[in-house]
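My request is simple: use the sequences and hints to build the entire structure.
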Amino acid sequence: KAGVTQTPRYLIKTRGQQVTLSCSPISGHRSVSWYQQTPGQGLQFLFEYFSETQRNKGNFPGRFSGRQFSNSRSEMNVSTLELGDSALYLCASSLSASETQYFGPGTRLLVL
Amino acid sequence: AQSVTQPDIHITVSEGASLELRCNYSYGATPYLFWYVQSPGQGLQLLLKYFSGDTLVQGIKGFEAEFKRSQSSFNLRKPSVHWSDAAEYFCAVLYNQAGTALIFGKGTTLSVSS
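The listed protein sequences correspond, in order, to chains A and B.
The first sequence begins at 1 in the working numbering and counts up one residue at a time.
The second sequence begins at 1 in the working numbering and counts up one residue at a time.
Treat the hints with caution; some may be incorrect.
[To be verified] Listed next, with one range per pair, are the computed distances between beta-carbon atoms:
#	chain 1	residue 1	chain 2	residue 2	range
1	A	Thr38	B	Ser111	38 to 48 Å
2	A	Ser96	B	His10	29 to 39 Å
3	B	Ser52	A	Leu112	45 to 55 Å
4	A	Gln41	B	Glu20	37 to 47 Å
5	B	Ser70	A	Leu110	38 to 48 Å
6	A	Thr80	B	Gly53	28 to 38 Å
7	A	Ser22	B	Gln42	10 to 20 Å
8	B	Asp54	A	Tyr10	23 to 33 Å
9	A	Thr7	B	Thr55	14 to 24 Å
10	B	Asp54	A	Leu112	45 to 55 Å
11	A	Ser22	B	Gly41	12 to 22 Å
[As the list claims (entries may be wrong)] Covered stretches of chain A (in silico footprint by chain B; criterion: 3 or more residues with CB under 8 Å from a CB of chain B, positions within the stretch not fixed):
#	segment
12	32-43
13	85-98
[Claimed, not checked] Subject to a maximum C-alpha distance of 25 Å in a straight line, what follows is the list of computed DMTMM-like cross-link-like pairs (lysine to aspartate or glutamate):
#	chain 1	residue 1	chain 2	residue 2
14	A	Lys13	A	Glu99
15	B	Lys49	B	Asp85
16	B	Lys49	B	Glu66
17	B	Lys61	A	Glu99
18	B	Lys106	A	Glu99
19	A	Lys13	A	Glu82
20	B	Lys49	A	Glu99
21	B	Lys68	B	Asp54
22	B	Lys106	A	Glu82
23	B	Lys68	B	Glu20
24	B	Lys49	B	Asp8
25	B	Lys106	B	Glu20
26	B	Lys61	B	Glu88
27	B	Lys68	A	Glu52
Don't read these hints as lab results, they were simulated from the structure.
Keep in mind the model is a prediction, meaning the values are calculated, not measured.
C-beta atoms are modelled at their ideal positions from N, C-alpha and C, and glycine is treated no differently.
Structure (structure tokens):
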């Protein structure tokens with residue numbers, strides 16, 4: 001069974017731009033979560049989607065948003081990029097709530 | 001508030017020696033606990049998990065962890081470290097309320113010396 005895939009793997013943007021990252025979960029998994037990883041803050045939860053509904057949201061500004069499609073694929077969007085948004089963005093999928101989360105390889109975003 | 005503490009930022013172990021990485025958690029309910037490993041530039045790979053039952057859990061690559069409720073700990077162990085084990089290790093607790101989220105520790109970087 002294929003693992004979690006994320007596209008693109010690398011992105012370079014400039015301040016003020018917006019970016020969309022994509023995540024395809026493991027087949028049959030209905031929950032998708034997003035995390036931001038930075039050297040200073042570590043791994044932080046962004047949000048979680050289940051059956052196209054956002055169920056949980058971390059402590060991030062409204063510039064960070066996401067959605068989930070009927071096939072469980074998910075996208076996250078960051079608008080008005082800031083230098084501090086440079087990070088590795090990780091997507092994880094699980095069968096349902098309270099299940100093990102399996103991570104993709106991440107998208108590394110660099111904001112200049 | 002829920003939190004995970006990994007007291008050791010960096011550990012160096014000789015190849016063939018035993019390893020123990022510490023993890024302490026703060027969580028009001030019965031915790032679901034995980035250990036993940038991350039190689040440079042890569043995503044997180046699940047090593048093992050504890051949901052309930054036997055407090056000593058076995059994982060991949062010869063790793064094991066022991067859940068101790070009285071000490072709020074979930075330490076990771078390996079009897080004999082290989083050079084390929086050099087990576088960053090993260091302990092996490094699953095926070096389950098109105099949706100689920102993993103709360104991670106800051107991680108422990110393991111270096112293996114020959």
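Against the structure, the hints:
| no. | hint | in the structure |
| --- | --- | --- |
| 1 | A:Thr38 x B:Ser111: 38 to 48 Å | 22 Å, violated |
| 2 | A:Ser96 x B:His10: 29 to 39 Å | 36 Å, holds |
| 3 | B:Ser52 x A:Leu112: 45 to 55 Å | 47 Å, holds |
| 4 | A:Gln41 x B:Glu20: 37 to 47 Å | 26 Å, violated |
| 5 | B:Ser70 x A:Leu110: 38 to 48 Å | 45 Å, holds |
| 6 | A:Thr80 x B:Gly53: 28 to 38 Å | 48 Å, violated |
| 7 | A:Ser22 x B:Gln42: 10 to 20 Å | 18 Å, holds |
| 8 | B:Asp54 x A:Tyr10: 23 to 33 Å | 42 Å, violated |
| 9 | A:Thr7 x B:Thr55: 14 to 24 Å | 40 Å, violated |
| 10 | B:Asp54 x A:Leu112: 45 to 55 Å | 50 Å, holds |
| 11 | A:Ser22 x B:Gly41: 12 to 22 Å | 19 Å, holds |
| 12 | 32-43 | holds (count 4) |
| 13 | 85-98 | holds (count 5) |
| 14 | A:Lys13 x A:Glu99 | 34 Å, violated |
| 15 | B:Lys49 x B:Asp85 | 18 Å, holds |
| 16 | B:Lys49 x B:Glu66 | 10 Å, holds |
| 17 | B:Lys61 x A:Glu99 | 21 Å, holds |
| 18 | B:Lys106 x A:Glu99 | 22 Å, holds |
| 19 | A:Lys13 x A:Glu82 | 10 Å, holds |
| 20 | B:Lys49 x A:Glu99 | 10 Å, holds |
| 21 | B:Lys68 x B:Asp54 | 11 Å, holds |
| 22 | B:Lys106 x A:Glu82 | 23 Å, holds |
| 23 | B:Lys68 x B:Glu20 | 14 Å, holds |
| 24 | B:Lys49 x B:Asp8 | 20 Å, holds |
| 25 | B:Lys106 x B:Glu20 | 16 Å, holds |
| 26 | B:Lys61 x B:Glu88 | 15 Å, holds |
| 27 | B:Lys68 x A:Glu52 | 37 Å, violated |
Checked against the numbered hints listed earlier, the structure breaks hints 1, 4, 6, 8, 9, 14, 27; every other hint is satisfied.
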